[in-house]
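Residues per chain are reported as follows:
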Amino acid sequence: MEQVQSRLVVAIVLSFFLGLMVATFADVRVFLPELLRGAWITIQITAGGIVVAILAALAAAIGKMYGPRPVRWLAITYIEIFRGTSALVQLFWLFFVLPYFGVTLEPFTVGIAALGLNVGAYGAEVIRGAIQSVDRGQWEASRALNMTRMQALRRIILPQALVAMIPPWGNLFIELLKATALVSMISLGDLAFKAQQMNQNTLKTVEIFSLVLLIYLAIALVITSLMRALERKAAKGLSRGRG
Amino acid sequence: MTFEWDWAYTQEILPILGKASIITVQATVIGFILAALIGLVFALLRMSTLAPVRLATGAVVEFIRSTPLLIQIFFVYFVLPEFGVTMDAMTAGILALGLHYGSYCSEVYRAGLDNIPKGQWEAATALNLSTLTTFKDIIIPQAIPPVVPALGNYLVALFKETPLLSAIAVLELMQTAKILGSESFQYTEPITLVGLFFLFFSLVSAALVRQVEAWLKTRHGGA
Amino acid sequence: MSADHPSAAPMVRFENVRKSYGHLTVLDDLNLDIAPNEKVAIIGPSGSGKTTVLRMLMTLEEVNDGVIWVEGDPLTHMYRDGKLVRANKRHIRQVRSKIGMVFQHFNLFPHMSAVKNCMEAPITVLGLSRDEAYERSRVLLDMVGLGDKLDHYPGQLSGGQKQRVAIARALAMRPKIMLFDEVTSALDPELVGEVLNVIRELGEAHDLTMLMVTHQMGFAKEFADRVCFFYAGKIAEQGTPDAFFGNPQNERTQQFLSAVLEAD
Ligand SMILES: Nc1ncnc2c1ncn2[C@@H]1O[C@H](COP(=O)(O)OP(=O)(O)OP(=O)(O)O)[C@@H](O)[C@H]1O
Ligand SMILES: [Mg+2]
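Chains as they are written, first to last, in the UniProt record's numbering: chain P, 1 to 243; chain A, 1 to 223; chain U, 1 to 264.
FYI, nobody ran anything at the bench for these hints, they're computed from the structure.
Glycine included, every Cβ here is placed at the ideal spot set by N, Cα and C.
Please note that the accuracy of each hint is not assured.
[To be verified] Straight-line Cα separation of at most 20 angstroms, EDC-like style, residue types lysine to aspartate or glutamate; simulated pairs: (1) U:K234 <-> U:E62; (2) U:K116 <-> P:E140; (3) P:K204 <-> A:E82; (4) U:K234 <-> U:E222; (5) A:K136 <-> A:E122; (6) U:K176 <-> U:D33; (7) U:K89 <-> P:E140; (8) U:K176 <-> U:D151; (9) U:K176 <-> P:E140; (10) P:K233 <-> U:D151; (11) A:K118 <-> A:D88; (12) U:K98 <-> P:E140; (13) A:K19 <-> A:E183; (14) U:K98 <-> U:E15; (15) P:K236 <-> U:E182; (16) A:K178 <-> A:D6; (17) U:K116 <-> U:E132; (18) U:K234 <-> U:D188; (19) U:K116 <-> U:E135; (20) U:K221 <-> U:E15; (21) U:K116 <-> U:D148.
[To be verified] Stretches of chain P that chain A covers, calculated by requiring three or more beta carbons in the stretch to come under 8 angstroms of a beta carbon on chain A: (22) 79 to 89; (23) 170 to 180.
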């Protein structure tokens, strides 16, 4: 309850300050369009990263739990490496080191890949936990009906694990959004990059960085409320069947 | 294109990176002490009987948790001087780390505090203990130990994120590696070494956290 | 593959089957033949290994020693170069298709309606079309008295109704052998009858071999062809219901029966 209230307060304060800024800072017209262009890149990288993260997490979780030994080790190695170092290290590694192996990627691609893989490693553990939280009887019933493990997983287990997965994935998506700021360090023109650029050009330090924080907050709030809605919908689907 | 690891170069840069790792460790330790304290303050403020204080603290925590650490570092480093608060890059970076992870830690403390049975508060009231004594002697000593593993995880997370300080040119590991790379046009060795450094210590500390967790479980399981 | 005279072979044969969890031996050298169409009631005190027998036959547990046969084909094993070796997944799936199971706690799929619960495996495993699977499921749900509850979710059904859906779901795979593990134990007393009635009708109307673990002595007496009494991992006594209940030979059986009949 209190959590929701806090979020509401944040939203109100946010819109108040956004309005105040646009109203008071004449220079907003100079840097706001640039910042919004940057925000659009940020949103694209977040969206792309989310797709990569979900795919990588699914593959790693299933590989770790049910794969043959080499696949299991591969999945574990991926999870441990990407959780054991930070997104920035991974980003730099893909950006600076991969070219020496003859693989040169666009900064945009590197950004999506590094952040997606980073969050995917955490997501894999989320998926694993959610799968394990499904009642064992569901596996046994699927088995008694002669389903294969993959059929049971896809049709019976994962749909039920989904509800438990949504809130932690919501947090991971926020982490992903925040981590997109790192791509500014491989000179990709995202919101954080534009912030530094505009700061150098206009020296409106206070206005720019405050505004940028608020834009990130706004995107985060959108993600949070989307995930809330999704959670409500999924919970409704499952609660009909409880028992 | 074939690639070969340059061992001579590795030997040359290892001492330099070793020295830089001291800065990384300093930032980690001071940053986390700050985070642990700030987190406790946030957590206690969120238990305040005054609704505005509660809500405002909640909003601040939510705000810090929803925005990138990188921008917060910039904010502390570039914006605070405009209000007369000037500090060097290292201090600004540590302050930002402490604030950011403090807001995460506050949630951990909150979970710990929420788990204290109501009877403990009532017993303290019945003994006529002051609020301060109740917190200091009764509540906090019970609330903290169970959440130590969660705090440990954030310590590891903070440690892994110290490379962000390179954005304001703090000469920690990552910044040093980048400088080395740009001087020699050999990025592979320095950046990979930095990655291995973080990987090694994260895995070790994650294992430590698990040990503590298991130990706490056996200790509290009996109660 | 199959034995020389499959028609002469028992429907199910446990041959020197041993099962243990760690140091705990749950079933010790079990030998049991079940004829086609036979209805066997399995009774015994808690922990005597009744559930384990069914779970091994359903291949939810592996046997440690011995072989289980179904219609003359090994279930837990297969022939390779004329020798019996541990069965692989494919072989197990093939033989397992003859067996269905109903669980004590229903294990219905909570995110699917009653009819979808029944349709799922026929579609994904047997490759039926949706229409075929729907028709088959509808008929079965009708048979268990739930023709008006096709689109209800498990959470909207009573315990007895859930268990009847579970029976229909197992039947939709057209098994030859049905396993029931205390299927009325989780039900309120007034709902037990409706489920037992369904099982009774099932036994009369279809060619089904049935193994049921039950604590309902009355039902076992009236319905089963044979009663097996398990004690400490062995079959302590077995026989026709009349002989078993009327004139138990084993001391353990006498103790057990007097205890449960007193409780009733
Ligand atoms: N997965 C397992 N791991 C270890 N021991 C087990 C496991 N499953 C069953 N057992 C043990 O095996 C023994 C037989 O269990 P089983 O479930 O077959 O008993 P049962 O006759 O069905 O009893 P009940 O009437 O209580 O259902 C019990 O002692 C039980 O504790
Ligand atoms: Mg049992």
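How the hints compare with the structure:
1. U:K234 <-> U:E62: holds (18 angstroms)
2. U:K116 <-> P:E140: holds (18 angstroms)
3. P:K204 <-> A:E82: The hint holds at about 10 angstroms.
4. U:K234 <-> U:E222: Violated, at about 24 angstroms.
5. A:K136 <-> A:E122: holds (15 angstroms)
6. U:K176 <-> U:D33: holds (15 angstroms)
7. U:K89 <-> P:E140: holds (15 angstroms)
8. U:K176 <-> U:D151: Violated. K176 (chain U) to D151 (chain U) sits at ~27 angstroms, over the 20 angstroms cutoff.
9. U:K176 <-> P:E140: holds (19 angstroms)
10. P:K233 <-> U:D151: holds (19 angstroms)
11. A:K118 <-> A:D88: Violated - the C-alpha atoms of D88 (chain A) and K118 (chain A) are around 46 angstroms apart, more than 20 angstroms.
12. U:K98 <-> P:E140: Distance ~16 angstroms between K98 (chain U) and E140 (chain P) Cα, so the pair holds.
13. A:K19 <-> A:E183: Status holds; Cα separation ~18 angstroms.
14. U:K98 <-> U:E15: holds (19 angstroms)
15. P:K236 <-> U:E182: This hinted pair is violated, its Cα atoms lying about 31 angstroms apart.
16. A:K178 <-> A:D6: holds (17 angstroms)
17. U:K116 <-> U:E132: Measuring from Cα to Cα gives roughly 13 angstroms; hence the hint holds.
18. U:K234 <-> U:D188: Between K234 (chain U) and D188 (chain U) the Cα gap is close to 31 angstroms, so the pair fails against 20 angstroms, i.e. violated.
19. U:K116 <-> U:E135: holds (11 angstroms)
20. U:K221 <-> U:E15: violated (26 angstroms)
21. U:K116 <-> U:D148: holds (14 angstroms)
22. 79 to 89: Our answer is that it holds, as 8 residues pass the Cβ test (under 8 angstroms) against chain A, meeting three.
23. 170 to 180: holds (count 5)
Going through the hint list in order, the structure does not satisfy hints 4, 8, 11, 15, 18 and 20.
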